[in-house]
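There are 2 protein chains.
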Amino acid sequence: MTRIAIDAMGGDNAPRAIVEGAVWACMEYGIPIELVGKLYDIERELDRIDQEGIVASIGGSLFPTKRIKVNTKTLDIKKTQASEVIEMGEAPGQAIRKKKNSSIVLAVNAVVTGSADAVVAAGSTGAAMGASLFGLGRLRGIERPAIATVLPTMKGPLVLIDSGANTDCTPSMLYQFGLMGSIYAKSIFGIENPRVALLNIGEEEGKGDELAKETYKLFDENKDNINFIGNAEGKEIFLGNCDVIVCDGFVGNVTLKTIEGVAKMLFYMIKQEFYHDLFSKIVGLLVKPVLKRIYLKINYEEFGGALLLGVKGITVICHGRSSAYAIKNAVKVAYNAVKSGINESIASCYGEK
Amino acid sequence: MTRIAIDAMGGDNAPRAIVEGAVWACMEYGIPIELVGKLYDIERELDRIDQEGIVASIGGSLFPTKRIKVNTKTLDIKKTQASEVIEMGEAPGQAIRKKKNSSIVLAVNAVVTGSADAVVAAGSTGAAMGASLFGLGRLRGIERPAIATVLPTMKGPLVLIDSGANTDCTPSMLYQFGLMGSIYAKSIFGIENPRVALLNIGEEEGKGDELAKETYKLFDENKDNINFIGNAEGKEIFLGNCDVIVCDGFVGNVTLKTIEGVAKMLFYMIKQEFYHDLFSKIVGLLVKPVLKRIYLKINYEEFGGALLLGVKGITVICHGRSSAYAIKNAVKVAYNAVKSGINESIASCYGEK
Chain P
1 MTRIAIDAMG
11 GDNAPRAIVE
21 GAVWACMEYG
31 IPIELVGKLY
41 DIERELDRID
51 QEGIVASIGG
61 SLFPTKRIKV
71 NTKTLDIKKT
81 QASEVIEMGE
91 APGQAIRKKK
101 NSSIVLAVNA
111 VVTGSADAVV
121 AAGSTGAAMG
131 ASLFGLGRLR
141 GIERPAIATV
151 LPTMKGPLVL
161 IDSGANTDCT
171 PSMLYQFGLM
181 GSIYAKSIFG
191 IENPRVALLN
201 IGEEEGKGDE
211 LAKETYKLFD
221 ENKDNINFIG
231 NAEGKEIFLG
241 NCDVIVCDGF
251 VGNVTLKTIE
261 GVAKMLFYMI
271 KQEFYHDLFS
281 KIVGLLVKPV
291 LKRIYLKINY
301 EEFGGALLLG
311 VKGITVICHG
321 RSSAYAIKNA
331 VKVAYNAVKS
341 GINESIASCY
351 GEK
Chain W
1 MTRIAIDAMG
11 GDNAPRAIVE
21 GAVWACMEYG
31 IPIELVGKLY
41 DIERELDRID
51 QEGIVASIGG
61 SLFPTKRIKV
71 NTKTLDIKKT
81 QASEVIEMGE
91 APGQAIRKKK
101 NSSIVLAVNA
111 VVTGSADAVV
121 AAGSTGAAMG
131 ASLFGLGRLR
141 GIERPAIATV
151 LPTMKGPLVL
161 IDSGANTDCT
171 PSMLYQFGLM
181 GSIYAKSIFG
191 IENPRVALLN
201 IGEEEGKGDE
211 LAKETYKLFD
221 ENKDNINFIG
231 NAEGKEIFLG
241 NCDVIVCDGF
251 VGNVTLKTIE
261 GVAKMLFYMI
271 KQEFYHDLFS
281 KIVGLLVKPV
291 LKRIYLKINY
301 EEFGGALLLG
311 VKGITVICHG
321 RSSAYAIKNA
331 VKVAYNAVKS
341 GINESIASCY
351 GEK
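The listed protein sequences derive, respectively, from chains P and W.
Using our numbering, the first residue of the first sequence is number 1, and each one after it goes up by one.
Using our numbering, the first residue of the second sequence is number 1, and each one after it goes up by one.
Only chain P is shown next, with the shape it has when bound in the complex:
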């Protein structure tokens, strides 16, 4: 039985969206849950859900709100008290040492003690990483854990690694990110020989900053271990010609948030244009189902959360603004990651069988 521990207090919409998403996942997929947080808040949310049901809707104003009735008493949901919460502004390293009874530290602890098998967290990314690294430890041979985010492309899913865990990297760190990303693409998406590319400012060898040039060489020397296909520029991310894109966490995070920003601006512009005049308004009504289909294809909520790779356990890091729908999908991501044996595969690269 695979149980997923969830930091019920983390995220902009916590505890409401988190508890709803967890209940939804438990109900829809039958995945056992452990909610970690202030028991009073958790109980209150569960009571509310028993009365009102859960808002089982996809985010975005394009979609109608739908309510599903639930009896949470019939679901396999453990509740664990955590008296403290790490806030977004706090320095992660300090906070996890000081707040030993915080929801994120105790959620990770649930995995350490074997009460749960994976953690889902939508609060401070730094705190989730720190707690995981501190509580679970690194996989043997791994220099630094990295965050692997899944992006939609014109063809299939793409793993972007590192998307924010490490700002200052070395070539050997980036090489390991490539290996871990490759194992991710294989274990989770079933891609046989994942194509790994280095995010760079030109396609030719010799392009880029010092880090990129050195990393290129390292990948090139290790082509027996990894299907390295060379450099990829930002505009190629979405063509679907590679399965894994490697970069340092600074570039990865800027890239990820830029993508979010562009998509948001375009949807904003489309909406604005449909209020332009009466004709546009009428067309706007007709165009709604088309926009919905596109929204679903690029909606980050579909992937739920990003995996922290390189630690001895499964931690799924969610967007701070996660909706219940995103949390539901993140629980599924965590569950699938546990089942995939991804960490065993990573460990076996470094001699652990």
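Hint data in this document are derived by calculation from the structure and do not stem from the laboratory.
Treat the hints loosely; a few may be bogus.
Unchecked claim - Derived pair list, reagent style EDC-like, types lysine to aspartate or glutamate, alpha-carbon separation capped at 16 Å:
| # | chain 1 | residue 1 | chain 2 | residue 2 |
| --- | --- | --- | --- | --- |
| 1 | W | Lys98 | W | Glu84 |
| 2 | P | Lys213 | P | Glu233 |
| 3 | W | Lys292 | P | Asp277 |
| 4 | P | Lys292 | P | Glu302 |
| 5 | P | Lys292 | W | Glu233 |
| 6 | W | Lys297 | W | Glu273 |
| 7 | P | Lys264 | W | Glu28 |
| 8 | W | Lys292 | P | Glu90 |
| 9 | W | Lys288 | P | Glu273 |
| 10 | P | Lys100 | P | Glu90 |
| 11 | P | Lys264 | W | Glu236 |
| 12 | W | Lys69 | W | Glu28 |
| 13 | W | Lys38 | W | Glu84 |
| 14 | W | Lys288 | P | Asp47 |
| 15 | P | Lys98 | P | Glu87 |
| 16 | W | Lys288 | W | Glu302 |
| 17 | P | Lys223 | P | Glu205 |
| 18 | P | Lys207 | W | Glu273 |
| 19 | W | Lys73 | W | Glu52 |
| 20 | W | Lys207 | P | Asp47 |
| 21 | W | Lys312 | W | Glu344 |
| 22 | W | Lys98 | W | Glu87 |
| 23 | P | Lys73 | P | Asp47 |
| 24 | P | Lys38 | P | Glu84 |
| 25 | W | Lys78 | W | Asp47 |
| 26 | P | Lys264 | W | Glu260 |
| 27 | W | Lys292 | W | Glu302 |
| 28 | W | Lys235 | P | Glu260 |
| 29 | P | Lys155 | W | Glu273 |
| 30 | P | Lys207 | W | Glu236 |
| 31 | W | Lys213 | W | Glu192 |
| 32 | W | Lys264 | P | Glu233 |
| 33 | P | Lys297 | W | Glu273 |
| 34 | W | Lys155 | P | Glu273 |
| 35 | P | Lys78 | P | Glu43 |
| 36 | P | Lys79 | P | Asp47 |
| 37 | W | Lys213 | P | Glu233 |
| 38 | W | Lys264 | P | Glu236 |
| 39 | P | Lys235 | W | Glu260 |
| 40 | W | Lys207 | P | Asp168 |
Computed from a predicted model, the values in this text were never measured in an experiment.
Based on these hints, arrange chain W on the given structure of chain P.
This is chain W only, laid out in the frame that chain P set:
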């Protein structure tokens, strides 16, 4: 009289689109032109234009093709022979030293000798930068020239600097980029006290890699000289809450190309969806004018090209895929930059009056 020199041989669509764009600018704005390249090719294009007219259309399949008749003999167009061309794959530093008669080197030389006042180039960015730096020299006090690209936002234009000239940067370089970007926003867009932000992975001070942390401090210490408003994340680029975003050329280039990639994917998806079924096809026809308006707002061709700031002269660097329309606008950008006295303003920051 301000004359603009153009590398007629640079770019994916050269010499055709380049010559057409130059002729178009000369005709529409009355800006005198100097076409630099293989005379045989230039003459052939001009003859063709005299017979067929120019394809005066905005790029993108959403727009109809329109032809305008021109008699190039009546326009103020100088032609300068350049027997060599620097190709995209060549190492820029080596190429500009070896090919002294290349179109880009001679186009820059036209500014050096006073035959022209600015250069427009759509070929190898590295070669255009190298030729400008070598031929024109740096402005006094400037460590490294940087590329300033203009992006559309939800509110107004935004200057992204550096968008690709310098891959490995120091805090003092980034600080200068901020100063130059600020002067750009003021000189060209008339923004009185441009808001300058540092591209980073979080808003709080202390976020980011070592470079970002040190640069933040430097900006903060110099608030008397620059309207530094703090860090900006990738998702904030398009909100229009700042006028200048500073980053190193690696991050800037990845960001720029990512934006291009996302926009392309979304337009691709929108198109695909309108072929989904008969109903969608009909809606697609109705929606065309709306998509056109959005396309125009985000079309990179509107801004024509990016300015290389920090050299003693005006160099406008265009997208390799530039259409005639983009080149026409780039000529206008170059012309306006000359008229704005932007270099005098930058130089005066460092004591030159």
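Taking the hints in turn, this is what the structure says about them:
Among the hinted pairs, Lys98/W with Glu84/W is consistent with the structure: their alpha-carbon atoms are about 10 Å apart, no more than 16 Å. Straight-line distance between C-alpha atoms of Lys213/P and Glu233/P comes to about 14 Å, which keeps the hinted pair within the 16 Å bound. About 15 Å separates the Cα atoms of Lys292/W and Asp277/P, which keeps this hinted pair within 16 Å; it holds. Distance hint between Lys292/P and Glu302/P is fulfilled; the C-alpha atoms sit about 13 Å from each other, no more than 16 Å.
Pair hint Lys292/P plus Glu233/W does not hold up; C-alpha atoms about 27 Å apart against a cutoff of 16 Å. Pair hint Lys297/W plus Glu273/W does not hold up; C-alpha atoms about 22 Å apart against a cutoff of 16 Å. This hinted pair does not check out: Lys264/P and Glu28/W have alpha carbons roughly 36 Å apart, beyond 16 Å. A threshold of 16 Å between alpha carbons decides the hint, and for Lys292/W with Glu90/P the separation of about 46 Å lies outside it, so the pair is violated.
The straight-line distance between the Cα atoms of Lys288/W and Glu273/P is roughly 11 Å, inside the 16 Å bound, and the hint therefore holds. At roughly 14 Å between alpha-carbon atoms, Lys100/P and Glu90/P fall within 16 Å of each other, so this suggested pair holds. For the hint pairing Lys264/P with Glu236/W, the CA-to-CA distance comes to about 10 Å; that is within 16 Å, so the pair holds. Restraint check for Lys69/W and Glu28/W: satisfied, since their Cα atoms lie roughly 12 Å apart, inside the 16 Å limit.
Between Lys38/W and Glu84/W the alpha-carbon distance is near 8 Å, which keeps this suggested pair within the 16 Å criterion. As the CA atoms of Lys288/W and Asp47/P are separated by approximately 49 Å, the hinted pair breaks the 16 Å bound. Between Lys98/P and Glu87/P the CA atoms are separated by roughly 13 Å; this keeps the pair inside 16 Å, and the hint holds. At most 16 Å may separate the alpha-carbon atoms for a hinted pair to count; Lys288/W and Glu302/W exceed this at roughly 19 Å.
Taken as a hint, the Lys223/P and Glu205/P pair is honoured in the structure, with Cα atoms around 15 Å apart against an allowance of 16 Å. For the suggested pair Lys207/P and Glu273/W, the alpha carbons sit about 37 Å apart, so the restraint of at most 16 Å is broken. This hinted pair checks out: Lys73/W and Glu52/W have alpha carbons roughly 14 Å apart, not beyond 16 Å. Taken as a hint, the Lys207/W and Asp47/P pair is broken in the structure, with Cα atoms around 39 Å apart against an allowance of 16 Å.
For the suggested pair Lys312/W and Glu344/W, the alpha carbons sit about 9 Å apart, so the restraint of at most 16 Å is met. Between Lys98/W and Glu87/W the alpha-carbon distance is near 13 Å, which keeps this suggested pair within the 16 Å criterion. This hinted pair checks out: Lys73/P and Asp47/P have alpha carbons roughly 9 Å apart, not beyond 16 Å. About 8 Å separates the Cα atoms of Lys38/P and Glu84/P, which keeps this hinted pair within 16 Å; it holds.
In summary, the hint linking Lys78/W to Asp47/W is supported, as the alpha carbons are separated by about 15 Å, within the 16 Å threshold. Between Lys264/P and Glu260/W, the direct Cα distance comes to roughly 14 Å. Compliance with the 16 Å bound is thereby established for this hinted pair. Proximity of Lys292/W to Glu302/W is assessed by CA-CA distance (about 13 Å); at most 16 Å being required, the pair is judged to hold. Under the criterion of a C-alpha separation no larger than 16 Å, the hint pairing Lys235/W with Glu260/P is consistent with the structure, at around 6 Å.
With a C-alpha separation of about 15 Å, the suggested pair Lys155/P and Glu273/W falls inside the 16 Å cut-off, and the hint holds. With a CA separation close to 28 Å, the supplied pair Lys207/P and Glu236/W exceeds the 16 Å bound. Straight-line distance between C-alpha atoms of Lys213/W and Glu192/W comes to about 27 Å, which puts the hinted pair past the 16 Å bound. A hinted pair counts as satisfied when its Cα atoms are at most 16 Å apart, and Lys264/W with Glu233/P qualifies at roughly 14 Å.
For a cut-off of 16 Å, the pair hint linking Lys297/P to Glu273/W stands: about 11 Å separates their Cα positions. Between Lys155/W and Glu273/P the alpha-carbon distance is near 15 Å, which keeps this suggested pair within the 16 Å criterion. This hinted pair checks out: Lys78/P and Glu43/P have alpha carbons roughly 11 Å apart, not beyond 16 Å. Distance restraint check for Lys79/P and Asp47/P: the Cα-Cα separation of roughly 13 Å lies within the 16 Å cut-off, and the hinted pair is therefore satisfied.
Using a Cα cut-off of 16 Å, the hinted pair Lys213/W and Glu233/P is violated, with the two alpha carbons roughly 26 Å apart. Proximity of Lys264/W to Glu236/P is assessed by CA-CA distance (about 10 Å); at most 16 Å being required, the pair is judged to hold. Restraint check: the Cα-Cα separation between Lys235/P and Glu260/W comes to about 6 Å, which is no more than 16 Å; the hinted pair holds. At roughly 12 Å between alpha-carbon atoms, Lys207/W and Asp168/P fall within 16 Å of each other, so this suggested pair holds.
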